[in-house]
Amino acid sequence: MSSLSQRRLGRSLLLHLFLTPLAVIWLFPLWMMIVFSTMPDNGIFSPGIELLPHDNFLANFHNLQRDTDFVGAIGISVSVAVTYTVLSVLLTSMAGWALARYHFVGKGFVVAIILGTITLPYAVVLIPQFIMVARDFQLANTWVALIVPPLFNSLGVLFMRQAFSMMPHDLFDAARVEGVKEWRIFLFVALPLARPMLAALAIILFLASWNNYLWPLLINSQPGAMTAPVALGTLIGLTKVSWGGLMVGAVMLTVPMLVVFVLLQRHFIAGIAAGAVK
Amino acid sequence: MRYQNATAYRFLTPYLLIFAIFWVWPIISSFMISFQATRTVPWRFAPTFNWGRLIGDPAFFNALKNTLLILVIQVPVMISLAIVMAVLLNSPLLKARALYRFAFFAPVVVGEVAYSAVFRLMFNLDFGIINKLLAGVGLVKIDWFSNVTPAMALIMIAVTWRWAGYNAIILLAGLQSIPEDVYEAATLDRVSKVKQFFYITLPLLKPVIVFCAVLSIIGTMQLFTEPFLITERGGPGGGTETLGLLLYRQGFRSLNFGYASAVAYTMAGLAITITLVQLWLTREPK
Chain W
1 MSSLSQRRLG RSLLLHLFLT PLAVIWLFPL WMMIVFSTMP DNGIFSPGIE
51 LLPHDNFLAN FHNLQRDTDF VGAIGISVSV AVTYTVLSVL LTSMAGWALA
101 RYHFVGKGFV VAIILGTITL PYAVVLIPQF IMVARDFQLA NTWVALIVPP
151 LFNSLGVLFM RQAFSMMPHD LFDAARVEGV KEWRIFLFVA LPLARPMLAA
201 LAIILFLASW NNYLWPLLIN SQPGAMTAPV ALGTLIGLTK VSWGGLMVGA
251 VMLTVPMLVV FVLLQRHFIA GIAAGAVK
Chain U
1001 MRYQNATAYR FLTPYLLIFA IFWVWPIISS FMISFQATRT VPWRFAPTFN
1051 WGRLIGDPAF FNALKNTLLI LVIQVPVMIS LAIVMAVLLN SPLLKARALY
1101 RFAFFAPVVV GEVAYSAVFR LMFNLDFGII NKLLAGVGLV KIDWFSNVTP
1151 AMALIMIAVT WRWAGYNAII LLAGLQSIPE DVYEAATLDR VSKVKQFFYI
1201 TLPLLKPVIV FCAVLSIIGT MQLFTEPFLI TERGGPGGGT ETLGLLLYRQ
1251 GFRSLNFGYA SAVAYTMAGL AITITLVQLW LTREPK
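Going down the list, the sequences are from chains W and U.
Under this note's numbering, residues 1 to 278 are what the first sequence spells out, in order.
Under this note's numbering, residues 1001 to 1286 are what the second sequence spells out, in order.
Everything labelled a hint here was simulated from the structure, so no lab data went into it.
Watch out, some of these pointers could steer you wrong.
Stated by the list, open to error - Below are the DSSO-like pairs computed for lysine-lysine, each with C-alpha atoms no more than 30 Å apart in a straight line:
no., chain 1, residue 1, chain 2, residue 2
1, U, Lys1206, U, Lys1195
2, U, Lys1141, U, Lys1065
3, U, Lys1065, U, Lys1195
4, U, Lys1193, U, Lys1095
5, U, Lys1141, W, Lys240
6, W, Lys240, U, Lys1132
Bound conformation, chain W alone (with noise of 0.2 Å):
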């Protein structure tokens, strides 16, 4: 037996031998960002090994608002994401629920064409979605143009299907025997017994669109209409721009998220295991 034991904690050394360099690894560039972040410029182009925070933050802060309406920015990215939060969940169940409920003609065939495109290239409606929103539409440097073409998903709505069609269907066809309305089981019966599973697609949602970048980058390219990764990327690559408080503004987008995540971690990865976007 003890021998077995030790074998167990020989194992269990080993493991830990190999994991934890890699776990500093990966922590490493999340901590030079906050370390960046607190450094002067001459600190970051300086010859010395620098690995632990200064205290020019608040500087830092003012060169990046400076440089960049970054807090403006910040503002249209929190409402954008949480109106197209709001907007693509209910979109997204009602979609799952009719699915997991109904039988209805052409089902087979939305079922395909939703599976279809999850192998499809989001390059390929780039451009017509474009001419679309900015020409046809003239709806560039609006909110409009940052919410409505992203709407769509596939696998959240697959993961929605497989939600509702998990639930007992005997409680929605009682309701249903007491005429009850399709819409009121739906909101008031299947909605709230979905909860953490709307809960892990909210999250997934909104992290998508906190941090999308090419879209709003083509679409929302006027200073007062950019959201916060567009407005820092415009930074990077400039020649007089202040790299502290380029960091800063990485802090800012990232470090609110990594809290959601240590707080919300199950529906996080619920989310992120069922796929839910694409």
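With chain W fixed as given, assemble chain U onto it according to the hints.
Chain U alone, transformed into the frame defined by chain W:
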């Protein structure tokens, strides 16, 4: 079976409307645009204008080569790493599990712009922490941004850092759905842990691995932000230009939508082909 067409479509309509306007129509539209000469107004139908140019365009083949190179190296490395992470995170021997999970999963919430900025600083030639550490242990500094090979390596490192944990989450969920008694039986039969990994874990995990590989291939096929921001518009000298970047340059810098659409359809064709080949290679034997 009772059909409830009206009710079902009432729930589906908003979703299908968005789908039709922003996906179905664009899919058709960009196919048609790829057969039009779009550099002069009005656009005119010219079937070989863009596709003919594509076949003879060195910039296209450069972007194609770079994209496939990243695909062939980065995706297998990342998926292998993600499998290792998932298996080790799943080990009952692991202490402080939450800490390790945080370390590997945290990059999942980090935006492309934020991490691109950090990687640019970290890999800076003279002042980057990576080169300082390399010099510190007696190695030579690497010029990550001026030479093609290190620049490509940097892109792959960055993408792997950002997405390995994401795949590990999906794989870990797959691992946890493998029934415990399979391993107990194997342990009783004195099958070593290594053999258990290769003969139980990997085969049972295969569908999940394929799912991760397909998503990663489609993602890497469209790689844009990292070469756009980290290696500065696909530098040095187009050395890290990807198809995604070529599409951006042609479509949104030169406003040549026809040519950009041809590039987009090439990406789609490649993604679908690779996915099908992948599914065929890993199909269940009948």
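Each hint, compared with the structure:
Using a Cα cut-off of 30 Å, the hinted pair Lys1206(U) and Lys1195(U) holds, with the two alpha carbons roughly 16 Å apart. As the CA atoms of Lys1141(U) and Lys1065(U) are separated by approximately 27 Å, the hinted pair is consistent with the 30 Å bound. Between Lys1065(U) and Lys1195(U) the CA atoms are separated by roughly 37 Å; this puts the pair beyond 30 Å, and the hint is violated. Distance hint between Lys1193(U) and Lys1095(U) is fulfilled; the C-alpha atoms sit about 19 Å from each other, no more than 30 Å.
A distance of roughly 25 Å separates the Cα atoms of Lys1141(U) and Lys240(W); the hinted pair therefore holds under the 30 Å criterion. Among the hinted pairs, Lys240(W) with Lys1132(U) is consistent with the structure: their alpha-carbon atoms are about 24 Å apart, no more than 30 Å.
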